[in-house]
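Trainee: Just so you know, our numbering puts 13 at position 13 of the sequence shown, and the rest follows in order with no gaps.
Bear in mind the hints are in silico, worked out from the structure with no lab data behind them. Just so it is clear, CB atoms sit at the ideal spot from N, CA and C, and this is done for glycine as well. It is possible that part of the hints are untrue.
Label-pair restraints from in silico Cβ distances [claimed, not checked]:
#, residue 1, residue 2, range
1, Pro41, Pro13, 20 to 28 Å
2, Arg123, Gly77, 37 to 45 Å
3, Pro115, Met1, 17 to 25 Å
4, Ala130, Pro69, 22 to 30 Å
5, Pro125, Val75, 19 to 27 Å
6, Gly124, Gly77, 40 to 48 Å
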Amino acid sequence: MTTPYRFRHISGPWGLRVDLTATSSEAAAADGGAAGEAVAPGVRLDVRDPDATAEDREQLAHGLRYAAPHIREAVGGRAVTVTVERIAYPLTDYQPEAAALALTGWAAGHFGFPPLPATVTFRGPSEGYAVRLGGCGDG
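Sequences and hints are given; from them, build the entire structure.
Mentor: Rendered as structure tokens:
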């Protein structure tokens, strides 16, 4: 089932907003001809939004890599493909790091594990936000 997720983070006059629609499939990941790219053992990412940029794809993969151990635990170790049907940044300045935050939030809700730690720090109008996903480093 395809599920939507809205990520929102507001710091003062600035904010990050991402609307993401995604689904997961165990069968597609187990199939030798699975779509998408492997981002972690047993976890693949398939981005179907034609408007997703290379930076979006990189950050979605970063977020999925961070969430992968929790996803695999939630599905009993079976292989999973996460398919992103749509990603949009409504009414905000574009910052691709927000895609990683959106995908980890979507994964937590979709697979039923607690939200994963992340730090978002506003660095000012010219630098935007610094995003840190747990121990994965800056996004």
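Trainee: All hints, please: hold or fail.
Mentor: Outcome of the hint check:
1. Pro41 x Pro13: 20 to 28 Å: The hint (20 to 28 Å, Cβ to Cβ) is violated, given that Pro41 and Pro13 are roughly 42 Å apart.
2. Arg123 x Gly77: 37 to 45 Å: 39 Å Cβ-Cβ, so the 37 to 45 Å window holds.
3. Pro115 x Met1: 17 to 25 Å: Holds: the Cβ-Cβ distance is about 20 Å, inside 17 to 25 Å.
4. Ala130 x Pro69: 22 to 30 Å: 24 Å, holds
5. Pro125 x Val75: 19 to 27 Å: With a Cβ separation near 42 Å, Pro125 and Val75 fall outside 19 to 27 Å, so the hint is violated.
6. Gly124 x Gly77: 40 to 48 Å: Given about 44 Å between the Cβ atoms, the range holds.
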